[in-house]
Structures are given as structure tokens and as C-alpha cells.
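Protein chains: 4
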Amino acid sequence: MVRASARDEDVLFAARVSTKGEQSLADVDAEAGRSAGLINYLMRDRHGSPFEHTSMTFYVQAPIFVFREFMRHRIASYNEESGRYRELRPVFYVPGPERALVQQGKPGAYEFVAGSEAQHSLVIAQTRRACEVAYEAYQRMLEEGVAREVARIVLPLTTYSSMYVTVNARSLMNFLSLRTKDSEARFPSYPQREIEMCAELMEQGWASLMPLTHAAFVQNGRVAP
Amino acid sequence: MVRASARDEDVLFAARVSTKGEQSLADVDAEAGRSAGLINYLMRDRHGSPFEHTSMTFYVQAPIFVFREFMRHRIASYNEESGRYRELRPVFYVPGPERALVQQGKPGAYEFVAGSEAQHSLVIAQTRRACEVAYEAYQRMLEEGVAREVARIVLPLTTYSSMYVTVNARSLMNFLSLRTKDSEARFPSYPQREIEMCAELMEQGWASLMPLTHAAFVQNGRVAP
Amino acid sequence: MVRASARDEDVLFAARVSTKGEQSLADVDAEAGRSAGLINYLMRDRHGSPFEHTSMTFYVQAPIFVFREFMRHRIASYNEESGRYRELRPVFYVPGPERALVQQGKPGAYEFVAGSEAQHSLVIAQTRRACEVAYEAYQRMLEEGVAREVARIVLPLTTYSSMYVTVNARSLMNFLSLRTKDSEARFPSYPQREIEMCAELMEQGWASLMPLTHAAFVQNGRVAP
Amino acid sequence: MVRASARDEDVLFAARVSTKGEQSLADVDAEAGRSAGLINYLMRDRHGSPFEHTSMTFYVQAPIFVFREFMRHRIASYNEESGRYRELRPVFYVPGPERALVQQGKPGAYEFVAGSEAQHSLVIAQTRRACEVAYEAYQRMLEEGVAREVARIVLPLTTYSSMYVTVNARSLMNFLSLRTKDSEARFPSYPQREIEMCAELMEQGWASLMPLTHAAFVQNGRVAP
Numbered sequence: 001m002v003r004a005s006a007r008d009e010d011v012l013f014a015a016r017v018s019t020k021g022e023q024s025l026a027d028v029d030a031e032a033g034r035s036a037g038l039i040n041y042l043m044r045d046r047h048g049s050p051f052e053h054t055s056m057t058f059y060v061q062a063p064i065f066v067f068r069e070f071m072r073h074r075i076a077s078y079n080e081e082s083g084r085y086r087e088l089r090p091v092f093y094v095p096g097p098e099r100a101l102v103q104q105g106k107p108g109a110y111e112f113v114a115g116s117e118a119q120h121s122l123v124i125a126q127t128r129r130a131c132e133v134a135y136e137a138y139q140r141m142l143e144e145g146v147a148r149e150v151a152r153i154v155l156p157l158t159t160y161s162s163m164y165v166t167v168n169a170r171s172l173m174n175f176l177s178l179r180t181k182d183s184e185a186r187f188p189s190y191p192q193r194e195i196e197m198c199a200e201l202m203e204q205g206w207a208s209l210m211p212l213t214h215a216a217f218v219q220n221g222r223v224a225p
Numbered sequence: 001m002v003r004a005s006a007r008d009e010d011v012l013f014a015a016r017v018s019t020k021g022e023q024s025l026a027d028v029d030a031e032a033g034r035s036a037g038l039i040n041y042l043m044r045d046r047h048g049s050p051f052e053h054t055s056m057t058f059y060v061q062a063p064i065f066v067f068r069e070f071m072r073h074r075i076a077s078y079n080e081e082s083g084r085y086r087e088l089r090p091v092f093y094v095p096g097p098e099r100a101l102v103q104q105g106k107p108g109a110y111e112f113v114a115g116s117e118a119q120h121s122l123v124i125a126q127t128r129r130a131c132e133v134a135y136e137a138y139q140r141m142l143e144e145g146v147a148r149e150v151a152r153i154v155l156p157l158t159t160y161s162s163m164y165v166t167v168n169a170r171s172l173m174n175f176l177s178l179r180t181k182d183s184e185a186r187f188p189s190y191p192q193r194e195i196e197m198c199a200e201l202m203e204q205g206w207a208s209l210m211p212l213t214h215a216a217f218v219q220n221g222r223v224a225p
Numbered sequence: 001m002v003r004a005s006a007r008d009e010d011v012l013f014a015a016r017v018s019t020k021g022e023q024s025l026a027d028v029d030a031e032a033g034r035s036a037g038l039i040n041y042l043m044r045d046r047h048g049s050p051f052e053h054t055s056m057t058f059y060v061q062a063p064i065f066v067f068r069e070f071m072r073h074r075i076a077s078y079n080e081e082s083g084r085y086r087e088l089r090p091v092f093y094v095p096g097p098e099r100a101l102v103q104q105g106k107p108g109a110y111e112f113v114a115g116s117e118a119q120h121s122l123v124i125a126q127t128r129r130a131c132e133v134a135y136e137a138y139q140r141m142l143e144e145g146v147a148r149e150v151a152r153i154v155l156p157l158t159t160y161s162s163m164y165v166t167v168n169a170r171s172l173m174n175f176l177s178l179r180t181k182d183s184e185a186r187f188p189s190y191p192q193r194e195i196e197m198c199a200e201l202m203e204q205g206w207a208s209l210m211p212l213t214h215a216a217f218v219q220n221g222r223v224a225p
Numbered sequence: 001m002v003r004a005s006a007r008d009e010d011v012l013f014a015a016r017v018s019t020k021g022e023q024s025l026a027d028v029d030a031e032a033g034r035s036a037g038l039i040n041y042l043m044r045d046r047h048g049s050p051f052e053h054t055s056m057t058f059y060v061q062a063p064i065f066v067f068r069e070f071m072r073h074r075i076a077s078y079n080e081e082s083g084r085y086r087e088l089r090p091v092f093y094v095p096g097p098e099r100a101l102v103q104q105g106k107p108g109a110y111e112f113v114a115g116s117e118a119q120h121s122l123v124i125a126q127t128r129r130a131c132e133v134a135y136e137a138y139q140r141m142l143e144e145g146v147a148r149e150v151a152r153i154v155l156p157l158t159t160y161s162s163m164y165v166t167v168n169a170r171s172l173m174n175f176l177s178l179r180t181k182d183s184e185a186r187f188p189s190y191p192q193r194e195i196e197m198c199a200e201l202m203e204q205g206w207a208s209l210m211p212l213t214h215a216a217f218v219q220n221g222r223v224a225p
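Residue numbers (the working numbering), protein chains in the order written: chain D, 1 to 225; chain W, 1 to 225; chain B, 1 to 225; chain L, 1 to 225.
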């Protein structure tokens, strides 16, 4: 997280302006400690707007197939590294031994189980080879004066990219509700593991800034208010 | 302004990630001083997204007819005092002697000229009387046990309300481009004076936080990028 | 409803492009009848995006205090009658005998019970009187050449206005989930009765266009997907 | 275009409700022919909201690197083919002989000139080879039981995908202003040629539905209102 203006306190003055009007200004510098009940009530009954007066900017490095899912979330601000403006580096994501490789179940509700050693070896070998061939092709075209935006079309979806994304706490909760899998969640989600890893890191950073809000989110079934 | 995370620097790392990727992290703590040219280029050619990684929360007190126009701006977060949850106070806006009262020209491009003394006296007297009668009616109904949300329907549009509004710099520029009148503006706007007064205060607060961005906005004809 | 492009069928091709790609084009002209299960699944697990490829434009006439709540819904397109451009007509909402007048309970969860005859008479009399005085003040100012945008500030919140609002089915479901009260709703809402009356009419219009989607919405606890 | 509810007439009733209130209902079924002046005025002075009461759903087939740019446009509804739910087909975009291959100028304002025959041959050969190797790797992993969402990470950005996208006319104009290059445009844009080809097709479809609006857009420098 490179910038943040996000505290539990920010929820309170925004919520209290409803009932207290101009007197809510006294809450701007109050401490949130005694107001866990109000935050919990807002979360439970899905009064979402008081959670919007916050802002967090994250720096994210992840493979392009993760960014593809990420940017479907429209209540957010993005700036990303450009394959048109910059020569992309040969940095690729290769699934590690802890990545469950075999899917079971139906579309929309896949479960994943561990792959065999042979499967893991295959994934590593094939991914590496495909990346090498693609990057060689990319380099060959650049060397011969072909534009970056043309040459990059051969690069694989597992190429790393980098971006800044800015969200408020409400939008982040929506992201987390869809991009993490949790048995306590009221509405089930089945995210791809790689975006879930991003989401988990973001959730940690957010939880340390807004612990009461995070606790209320978890306690109420991880439903974005 | 009750909260802000908005600096010229925030524009730079977001802009530079396009061309520098992970190296843009070095810009997160850099100073913006030498980068006025980049900010000006982004503004002129309307590359708007780098201006979004910022956040400002304003406390606004204004008459309801101003809030009605304000809330048409959808890229913003609002929480407002509620006439359902709170007994509204008898605070009303009455146009002062500096308020130009007479409109000329066509819908969409009204110009306003000063009213006569008689017109000013009339506006003050009529506004006061209408507010008094309305507030008495409101009080009578409350005293007899009528719900606040019913009683408040008699209150005039000039009743003051209060809210918190959170925007990013790009959204704020869009607001300012439409809600201020400026002979240097590339696209003309004809806002009602009362919302323009809000906009002017917000612009001042923003300009002190992001002076280079503000200067580039003015210099490029007050067009939101 | 003055325009609509909204059918249950529109949900299906959008949902099926995930699994069928270009073959989903065959669903563009298919009938939805046999696909109630898919629509129900999308609703239950909150896959919301396939419900967005629809559009409905409503003409709404309602008092200004209703429009104030309405326009807090940001995923929608609005154009409203303007008190700056037009002389407003003396048409006011006066609560009828069926309007429950007495609130009980806490902010955020008010219940309403019937008023006494005395209370109803009071509300009618006070509302009429406040409207009359306000409209007279408005007329007096207009007659003396005061601009419409100034004179209208005395008008009460119960003045009728008119607008066109365009939404897609997902946004409409969010509106309905918050602006109707239903004992079957999974998340409780306590809307003001007057906006609920608008919402009920809109729901009827929508249900006749997209009966399977509407049934799935009701069956799954009126949670916007 | 698979669905549309978009006519020049839709702009008119939405614009006229400002000045005519309930009488604008008479415009709902009026013809736009005599109202080119109003549409032109709205476009020139950037009164954008009346253009939003329209809806167009396009089916788009394009390479993933085009979709990556497309989905940065947030005022739109998307559903896309999924590499998690479906085995992707071996269909790849290979730049043809008309594709200018050599970039000149600075980031943000590249101009492109024709490549040599050698460059074209190289691009075709390298792209084909990278696609073949990648698709073989993909197939090998699928055959051995590796999940689709893992195997697809090796596929190149030039792989074709398919989606439905729904926009209103205002949002479409914003898209066109940024994703087409036109010497008459008031603000210059330098889109990648492949997304511009999509944009040109979409513009044609839109122009035939809303000819007066399209003409006003072109005439006023292709600035989204």
C-alpha cells in the first residue's frame, strides 16, 4: 500500500451526519473504539455509503491473467504498465508446488485438488518453454524494429505486469467478497487462486488500518455493505 | 476539508507506471517540483486516470436546492443529514444584497444582473415569510406526534442541510468545470451562483493541496481531463 | 415506462458467453422459457453482470423529497425538470388518509402506524397552507422580475417534479432492494412510503418485461445480484 | 450489434424535460428531424446527460490485448468468454500486410509507418510460431488433466476472445473519442490500430441508429459531451 486515508473513524462521522448533522464534525477527530456497535450495525443492515469516505492505493505486481479479472471491478482507479510504451521484462509466473492443479465440480463452483508430481513437472516445463519461445519471438521482432505494441502480442498471459489501484473501503469489500473463498461467507465465491493471493494481501493491509470495520465484515459473512 | 490524501506527487507515480513499471515506485516519495511539464501534458491531452489516485473529503453546509444539483455528480461519495432521522433546524438561506437577481438570455446560458432595491427587499421579505410559515407548520405537526419524514415535506428548498462528500481530483475537476463560470473556460458553464460559491471554496482547498495540478487545470481551459 | 430493451433472454446470451463463447450468439434469439434454472442460479450466487445488458427508461412524477432519495442511486441516468429553466406549477403532494403518520422504533428501522383523524386533518391543513403561502411568495417574486432560480427557493419539498430515469435490471434490483419493504427480504429495508410507491410501480413494469428474472429476485430474498 | 434501444428521439424528450416538464411526454413519440439544432447545442456545450437514455449491446470478437484496453472503460457492462470455464480455441490474430509496423515519436503520441516486407514476414512467422508452441503447451497440459485456468496462462495476448458489451450513447462517444484517431478531433488520440478497428465498426452501427447525434459528435470535434 503506497497511500492510504482510511480509518474506522472515517465511517463514524459519515454515518452520524444522518442523525446529528453539523454536530458530526465533533466525530471527525473522535476515536472509534467505543463505536464498534455502530459499525457492526451498518455492516449488518448494509448501509454501505459511510464506508466510502476512505481511500487506499495499492501497488500490485501480478500476471496479466490476474489483471484481467481485477479490472472487471469498475469502482476503482487503475494505472498500469504499458506494453505500448515500455519494453516488457521477461518475468513470468510459473505455478509452484503448492498450486492445486486439478479442478472438480461445475463451472461457477470449481474445487481444486493437488496435482501429481508428473502434472507439476509438466506445468513447470510447458510454462517455461512457452514463455521462452514467446519472449524470444518478442525480442526478435523488437530487434528488427517492429513496434512494441505489435511485438508484445505474442507474450503469454502469465507475463507479470504492475499497476496502482485505488479503492475505497466499500469497493474493497466488494472485491474481497468475490475474490476470496471462505467457508464463513454468506455468498460463496470460487476465485482463481492467483487473484485470491492478491486479495489476501490487500485484506491484511486494510485490516490493519480499519480493524473494527474488518472485524464487522468478517462477522457478517463477508457481504459487501 | 476534513480529510485528504491528495498531492501532485500522486499523479506522477500513477502516470509513470505506464512507461517505467515497477521503477515508478521510486516516484512515490519523489517531489513533484520538477514534473510540472508531465502534469501539464496529462491535462492538455486529457489523460485523466492518473488524477484519480487521490481523495478529498469535504464537509458542506448549503441549502437543499444546492444539494440537489450537487448530487447529480455521480462519481462521488455522499452522506447527508436526514430529515427522517433528525428534527431539522430553522436555518435558511436568504439571498443577500450581492446576489444578482435578474436573469437575461436563454435557458442554458443565463446571465444575471443586479436587482433593484425593491426586488431585494421583496426577496428577503418573501423568503423569510415563507420559511417562517413553513417552519411553524413543521413544528405544529411534530408537536402533535406526526413523523419527522412526513412533517418535513413542507420545508422549503432553501433549508440548510449538511453533508460529507468525498471525491478524487479528476471528479473534482469535472465538478468545477461545470459549477464555476470562468471566461477562460474552453466550454462555457452557467451554474447557479449558490453552488458556484461552494465550488469556489472547494477549489481553493484543492489548489493548496495540489498546486501544480490546479495550475495545469486553469491553464488548459478548465477542462476536466 | 417510455422505452425498454429488457427481456429474460438478454440475461442468457450474456451468461452463456462465459462457457460457450461465440456459440452464445445462438442464444440471442432463443426463448428464455427453459432457462429459469440458469437465471435462478445467477441470482442466488450473485453473478450480477449478465443482468446489466438491459435498459428501461421510466417517466417519474413525484415530490422533490422523493427525487432527493432517488438520485442517491448513482448507477442510473437522470434528466429532470428544472426550476431554473421553467416556472414550476402549483402541484403539491398532500399525504392522504391511507398514509401512516406515526413513527415508532429506532433510526434506520422505523415502523409506521396510522395517525388519528386529528393528525390527518392537521397534516392536510398545514401542508396546504404552507404550500399556498410558498407559492404566493414564488409568484410575487416572479411578477416583480426576480429570476426563477431565486424565487423557487421558497417552494416546499413536497412540490411535484418530473424526470426520466434509465436503469438496467441489475441497478433496478438494487433500487428495489433498498426502496421496498418486504418481510421476505433477506436484508431489511425501511424506505419512506412515498418512494416505495414509485418503486412498486417500477417493479410491476419490470416484472412484466422480465418475469423469470423477477421471480428469481423475489425467490432469493430480494437481494440485488 | 445484437440489441439496441437508441434513437435520436431519445435525446429529445430527456433534454426537454428540463424546460417542459411533463409536457416532454409529447416528445417521446415525436420525430427528431426538426431538432438537429437542439442536439447540436447539447453536444457543443457538453450537456451530456440527455445522451444516456439509450442502450446498445455489441458482440465483439477481438484479441485479448484489445479486450485489455476495452475493459478500462468503466461506464459499460461486460460479459466475456472465460478461460476458466471453457477450452479456448486456437484462433489467433496475426497482423496483416496493411498493419503499419514501425512506431515513431514519443509515448502518448506514436505515429506508425509501414513495415518492410522483411518485417512483415518476421511478424507473421514469429507470431505463428509463438502461438503454435503456446497452444501445444496448452493442449498437453489439458490432456494430462491440468485445470483449464492453469493451462491457459501460457496462451498469448493475441488469442481471440468474445464478449458482449452494453453502453449508452454518451459512454460510447467517450470510447470513440479515445479509441479512434481523427485529424478533426479537438483532443488528439493515438489508439492502437486493432482497438480502433473495433471502434470504427461500433461507430458505424451507432451512426445508423442515431444519425443526427453522430453528425453533431463529428461536427463538434469528437468530444464526448
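Keep in mind that the hints are not guaranteed to be accurate.
Identical chains share a label here; the pair holds if one copy fits it or two copies do between them.
With a Cα cut of at most 27 Å, we get these calculated BS3-like pairs of lysine-lysine [claimed, not checked]: (1) 181 - 20; (2) 106 - 181; (3) 106 - 20.
It is worth saying that the hints were derived from the structure and are not from the lab.
Each hint, compared with the structure:
In this assembly of identical chains, residue 181 and residue 20 lie within 27 Å of each other by CA distance solely across copies; the values are 25 Å between and 38 Å within a copy. When the C-alpha separation of residue 106 and residue 181 is checked against a cutoff of 27 Å, the pair qualifies only within one copy, where the shortest distance is 16 Å, while the shortest distance between copies is 35 Å. For a Cα distance limit of 27 Å, the shortest separation of residue 106 from residue 20 across copies, 14 Å, qualifies, whereas the shortest one inside one copy, 50 Å, does not.
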